[in-house]
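The chain contents come next:
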Amino acid sequence: MDKAIEIRDCSAAYGENKVLNHVSLTVEKGEFVVIIGPSGCGKTTLLKMMNGLVIPLEGEVAVNGELIRGCDLSAMRRRIGYAVQGAGLFPHMTVEDNICYVPGLERRLTQEEKKILAEKMLELVQLPGEVGKRFPRQLSGGQKQRVGIARALAAAPDILLMDEPFGAVDEITRRGLQEELLALQRKTGITIVFITHDIGEAFHLGSRVLIMKEGEIWQEGKPEELQKAPRDEFVRSLIRR
Amino acid sequence: MQLIQILWDRRDFFLICLLEHIRISLTAVVCAGVLGILTGVFISRHKKAAGIALGVINVVYTVPSISLLGFLIPFTGIGDKTAVIALTVYGLLPIVRNTYTGLVNVDAGILEVAEGLGADGKQILFGIRFPLAIPVIISGFRNMVVMIIAMGGIASFIGAGGLGAAIYRGITTYNMALTAAGSLLIALLALLSDWLLSRAEKAVNRRYGIG
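Protein chains in written order, with the working numbering: chain A, 100 to 340; chain B, 973 to 1183.
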């Protein structure tokens, strides 16, 4: 299998505060990797390294075999989907313009192209087409999250980075979104790196789960492996929750 | 009654004053608007310059308007040009401050998402930062316009035209009604401009789905 993302011996710090300590990680194409760990463990920093929002102090990051250092970051990011908690939709743009944002960065889209793309993406995330004309503030939390995913996928990226994307929605909506995301991944074969703080969600979604603690990958493996052989009390208590 | 009487009797004089006032104010509004927004954008990207620029503008603002006009006379002489410069300098404060505040206070999370999605610096500034700062910038613009129109009344003291001429003439000839009429027209002009701009503000906010 090909490598989608490769992180080699990377460290990162915010000022004096070291948040990642010599982390190495390889994500194969088509994998669904879920990262879990307590707040401040460095999981968001690790994710942001994958699209160059955080540049490591030491070590190298490669995406699709190309080193991040020295490459055109903006162009690279347009080929990587990015979805965050609360969706982070642009409040001054309609849903349609939000969805078409990334393709629109490359070239100006016509109204017709936008409409077609938005309808296609809305259908993918199971929202009715008329939502396209609304503004984000007119949407429910679950709808916003769906639009956020539609926006992340609109430029047909082969990697999707998700930072607690379902953190701000209710339990029932979250179940629905999880199933849709799994179906989507089966259909498109996209590589997904997904952060959560919910161990149930991690085991349900991930083909591989990384447990992080204090800036290190504490243990990783398939959900069954982690459940069968937790490394220590920390992992055991995390799984029990 | 006296007021209406004098406005009617000297309607040609007042009309000329009003048009002059609009012309001077509008020139200053355009100058301060362009300069102020550009400065605001620049200092929002250069934090060090921000402190200095805002400091200088604040200090200039504390100079009494009449003495600012006085200071300018040796350099630019008397007349409309000096008036426009003084009004522009005064108008800068609200527009620079609001442009700066509006641009700097855009939600950092939104900006990071835009960056993460692959927008470059220019696309973030014009596509995200600026539109999201528009409501704050427009309210600064409204302040600026009202201030320039009101301040414009003083410009006549250094020989510029405008409704200040009526006020000035009223004061020097003990003609209370003339002064009152000039002041009233300035107030009405300021109120009308503010009202028009508030309409524009609402339309823009609606366009951006905020209001």
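Don't read these hints as lab results, they were simulated from the structure.
Note that CB positions come from ideal geometry on N, CA and C, so glycine has one too.
Please note: incorrect hints may appear among the correct ones.
Far from chain A, by Cβ distances over 10 Å, these chain B residues were calculated [what the hints assert, rightly or not]: (1) 973; (2) 990; (3) 1002; (4) 1025; (5) 1026; (6) 1039; (7) 1081; (8) 1082; (9) 1086; (10) 1091; (11) 1095; (12) 1100; (13) 1103; (14) 1141; (15) 1168.
Pairs of lysine-lysine, BS3-like flavour, derived with a Cα cap of 25 Å [stated by the list, open to error]: (16) 213(A) <-> 232(A); (17) 312(A) <-> 286(A); (18) 147(A) <-> 327(A); (19) 232(A) <-> 219(A); (20) 1094(B) <-> 147(A); (21) 232(A) <-> 1053(B); (22) 321(A) <-> 286(A); (23) 128(A) <-> 102(A); (24) 213(A) <-> 1094(B).
Failing hints, ascending?
7, 8, 9, 10, 11, 12, 13, 17, 18, 21
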